[in-house]
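Based on the provided sequences and hints, a complete structural model is requested.
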Amino acid sequence: MVFVVLALALMQSVPEIATVAQGSRSAIEEPRDALARTAAEWRSLWKAHGSSESAPAVDFSKEMVAAIFLGTRPTGGYRVEITAARREGQSLVVDYIERRPGADAIVSQALTSPFHIVRLRKHDGPVTFRSVSPPAVR
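Note that the sequence shown covers residues 67 to 204 in the working numbering.
Heads up, a few of these hints could be off.
[Unchecked claim] Straight-line distance between alpha carbons at most 30 Å, and here's what the computed DSSO-like set of lysine-lysine pairs gives: (1) K128 / K188; (2) K113 / K128; (3) K113 / K188.
Worth flagging that the hints you see were computed from the coordinates, not collected in a lab.
Remember, predicted model here, so these are calculated numbers, not experimental data.
Structure, rendered in structure tokens:
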């Protein structure tokens with residue numbers, strides 16, 4: 067019984083992440099992180115992102131949106147990924163990894179603006195975005 071209670075407590079303390087959109091072409095040209103805790107904030111962020119489609123549905127009574135925009139990059143091969151969201155005290159920390167093309171990588175010669183937008187469990191307290199190193203390649 068203690069294990070069940072502990073497992074349920076751990077499940078509630080670790081927000082699940084669901085990708086809403088990810089890619090290399092956002093209209094947001096400056097690096098930034100963003101949160102949307104209301105439908106109005108979400109519509110505004112989605113519009114700034116430049117999508118011609120309607121903003122995907124989000125249940126703001128239970129969820130919020132977090133996003134990372136790398137801003138304009140000189141070539142293809144750049145990518146960003148939100149990898150985790152965890153509580154540290156009263157704060158929520160959103161980890162992300164920025165990947166850059168290697169020096170010898172063959173990439174498109176076009177401007178890109180990588181982004182990752184996710185839904186996660188609602189958190190009313192402070193939120194911090196933290197860049198983390200990619201895992202070592204074995």
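Hints, one by one, checked against the model:
no., hint, result
1, K128 / K188, "holds, 5 Å"
2, K113 / K128, "holds, 22 Å"
3, K113 / K188, "holds, 22 Å"
Hint violations for this structure: none, all hints satisfied.
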